[in-house]
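Taking the hints as your guide, dock the two standalone chains into a single complex.
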Amino acid sequence: MIPSFHRFFGLALLCLGLAHAKDPGLEQIGSFGVQLIYATDGDVSAAGEQNKELDKGQIEELQNLKDLKFSHYRILGRDEKAILRGYENWATPLKPSKEILINFEPRQKIDENRYQMLLEYWQGGRKILTTDPILTKGKSLYLRGPKWRKGRLILEVKILELI
Amino acid sequence: MTEELFCKWVDDCLTPEEQLVVDAAAKDDPSLLEEMASIRELNTQVKAEFPASIEPPYPDFFNTQVMNRIRDEEKKISAPVSSGKNPWWSKIGFGWVPASALAVVLAFFAGSRMNHFTDGPELAQKILPSVYTPEEKHGARVIADSQGDVAAIVMEGLDAIGDEVDFAEANASVALPERYLLSLQRNTP
Chain A
673 MIPSFHRFFG
683 LALLCLGLAH
693 AKDPGLEQIG
703 SFGVQLIYAT
713 DGDVSAAGEQ
723 NKELDKGQIE
733 ELQNLKDLKF
743 SHYRILGRDE
753 KAILRGYENW
763 ATPLKPSKEI
773 LINFEPRQKI
783 DENRYQMLLE
793 YWQGGRKILT
803 TDPILTKGKS
813 LYLRGPKWRK
823 GRLILEVKIL
833 ELI
Chain B
-5 MTEELFCKWV
5 DDCLTPEEQL
15 VVDAAAKDDP
25 SLLEEMASIR
35 ELNTQVKAEF
45 PASIEPPYPD
55 FFNTQVMNRI
65 RDEEKKISAP
75 VSSGKNPWWS
85 KIGFGWVPAS
95 ALAVVLAFFA
105 GSRMNHFTDG
115 PELAQKILPS
125 VYTPEEKHGA
135 RVIADSQGDV
145 AAIVMEGLDA
155 IGDEVDFAEA
165 NASVALPERY
175 LLSLQRNTP
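Sequences listed follow chains A and B, in order.
For any residue, its number in the working numbering is found by taking its place in the first sequence, counting from 1, and adding 672.
One point on numbering: in the working numbering, the residue at position 163 of the second sequence is 157, and numbering is uninterrupted.
Isolated chain B (complex conformation) (with noise of 0.2 Å):
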């Protein structure tokens, strides 16, 4: 019996005449029934365990992050090149794309693993933030000082706060972030 066959017999992915065969071959050698009651626990295990997909966080900055930087390779890749001859990198054309996009991938991952518990001195260059507004609407602009460092982002398109708020009174109308609950629950001792 073949690896493949085996792998899709554990699955229970067997074509009637594949199972044929493996009955067979089964029949042969009962060791490889323990063989693939085994895998099959081991599996039911691994499934308990690990979720099918993992949502990163923050999911909607993380996907704007990653399409800012396909854009950015795309027009460094379509501007035009001075001088007459070609670079070598350029015949791999977009090819550069999406391993841009996985290297994004994997780096925001990686920090966010790594997160509070490794110093970053890579980093430690000047570099303005990154800005994502969920809503079209709105828009910001990052200001930086004469250091380069972010002095002030600029939002814009917000709606006025109406005259008639005061910010004495609370607001019972605003609806507050489950994450603003959740967190008010755990953060209190």
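Okay, chain A solo, but in the shape it has when bound (with noise of 0.2 Å):
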């Protein structure tokens, strides 16, 4: 028979263990990185004097688009957060401005380097878009998004890393 001390004990320990214990769904299982770009055939700094140019070879992917065939492309803003196992997060490309929002949680896990993920795009405090692409670990998938200064906004989303 246990003596009803010890009972306690190992209950208050085992109460104190699950209030300390962490949500599983907070484990982080990658990183998943948004950049926002302008693209026009016009006067590139019509977007602002300070952004950064692309490199040639995504310069050469967006062409290689006919939707997304511009002259120019911008980095406006990018940001970078965790994908989470069990909950969604969010983007904001265009800090400190929250127009642009991307959301994303994983879904199912395909391979090594692989997942589908459920992105939404949200403009001015609206959902426009769901989608459940198949993304792969390094690879770029474009939202061409909305039109802006004589331009496009072309959101690039990608996974960085799985853990």
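It is possible that part of the hints are untrue.
[To be verified] Derived DSSO-like pairs: lysine-lysine, alpha-carbon spacing no greater than 27 Å straight-line:
#1 A/Lys799 x A/Lys830
#2 A/Lys767 x A/Lys809
#3 B/Lys131 x A/Lys741
#4 A/Lys724 x A/Lys811
#5 A/Lys811 x A/Lys799
#6 A/Lys819 x A/Lys770
#7 B/Lys131 x A/Lys799
#8 A/Lys811 x A/Lys741
#9 A/Lys741 x A/Lys830
#10 B/Lys131 x A/Lys819
#11 A/Lys770 x B/Lys131
#12 A/Lys741 x A/Lys819
#13 A/Lys753 x A/Lys694
#14 B/Lys41 x A/Lys738
#15 A/Lys819 x A/Lys753
#16 A/Lys753 x A/Lys770
#17 B/Lys131 x A/Lys822
#18 A/Lys738 x A/Lys728
Hint data in this document are derived by calculation from the structure and do not stem from the laboratory.
Take a look at the structure:
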């Protein structure tokens, strides 16, 4: 027979352990990158003077896609967030502005390098698009966004890392 | 007393005539009262533990996928058969539609339950993503690359962002989604 003091002590320890147990859904299983690109056939300085140019490989990649073919591309902002095992997360590539948001959540692991994700594109506080692409680590998916300053905004989303 | 009558008794759905029959049976066999009480207690516990209905995750997206699949099946069924003979499955007609919808529902729930804990090599084939736009004025097209993977999604019908908007400044007029704020709270250590 276990003395009642020991039973009480054991129960208290168990409760303390449970209270401090980390939610497994918050475990980071990877990282997700979102980059906002300004694309135009006109004056690229309309987006601002200090924005960085895309690298040549990426420009070529974009120009091979008919609907995303422009003469100039500039990076307006980027964000990198954790992919959580059991929860959605949000990327805000235009910090501090929240005009454009990307919501993402892992849906299913396909293999070591691929995940099916649920993605949402939000603009001006409203949900515009939901999609469920299978993304390969390091491979970009482009979302052609709205017009802005005689050009287009393009979002590049990518799984940067899988743990 | 029949099983049906007993179930109605547990659920308090007896008619006055049926109540008389049950009262007489309970008088003859008091154990019936105990059994009824224990089943009612169990019902109460089950109702307390489980919600009466569960909303699927991403309900609008979910509903669209079900409707898309039904439309696809309808198109397949209504397509003319080239040979003179009707295949055996054509006799089933639209019986495929609810079966297909049910399959989608089950697959969705199975997928959301299994979530990240199982690998899915069967999905390793090239599958282009589904797209859903809640507002009718918006649309989206999926573009695949040469390997058959999704390369881009072209969103159409979007409101242009005003030229005066400067992204270097926070736009206080944008109402942030409640889920965004919840996520911030949850994910901040």
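Now the hints, each set against the structure:
At most 27 Å may separate the alpha-carbon atoms for a hinted pair to count; A/Lys799 and A/Lys830 meet this at roughly 20 Å. The straight-line distance between the Cα atoms of A/Lys767 and A/Lys809 is roughly 24 Å, inside the 27 Å bound, and the hint therefore holds. In summary, the hint linking B/Lys131 to A/Lys741 is supported, as the alpha carbons are separated by about 24 Å, within the 27 Å threshold. The hinted pair formed by A/Lys724 and A/Lys811 meets the criterion: a straight-line CA distance of about 20 Å does not exceed 27 Å.
With a CA separation close to 24 Å, the supplied pair A/Lys811 and A/Lys799 stays within the 27 Å bound. Between A/Lys819 and A/Lys770, the direct Cα distance comes to roughly 17 Å. Compliance with the 27 Å bound is thereby established for this hinted pair. For the given pair, B/Lys131 sits about 13 Å from A/Lys799 by alpha-carbon distance, which is consistent with the 27 Å threshold. Taking the CA atoms of A/Lys811 and A/Lys741, the gap is near 18 Å; set against the 27 Å cutoff, the hint holds.
For the hint pairing A/Lys741 with A/Lys830, the CA-to-CA distance comes to about 20 Å; that is within 27 Å, so the pair holds. A C-alpha spacing of about 16 Å is found between B/Lys131 and A/Lys819, which places the hinted pair at or below 27 Å, so the restraint holds. Under the criterion of a C-alpha separation no larger than 27 Å, the hint pairing A/Lys770 with B/Lys131 is consistent with the structure, at around 22 Å. Restraint check for A/Lys741 and A/Lys819: satisfied, since their Cα atoms lie roughly 14 Å apart, inside the 27 Å limit.
With a CA separation close to 19 Å, the supplied pair A/Lys753 and A/Lys694 stays within the 27 Å bound. For the hint pairing B/Lys41 with A/Lys738, the CA-to-CA distance comes to about 56 Å; that exceeds 27 Å, so the pair is violated. Between A/Lys819 and A/Lys753 the alpha-carbon distance is near 26 Å, which keeps this suggested pair within the 27 Å criterion. A distance of roughly 15 Å separates the Cα atoms of A/Lys753 and A/Lys770; the hinted pair therefore holds under the 27 Å criterion.
With a C-alpha separation of about 22 Å, the suggested pairing of B/Lys131 with A/Lys822 holds against the 27 Å cut-off. The hinted pair formed by A/Lys738 and A/Lys728 meets the criterion: a straight-line CA distance of about 17 Å does not exceed 27 Å.
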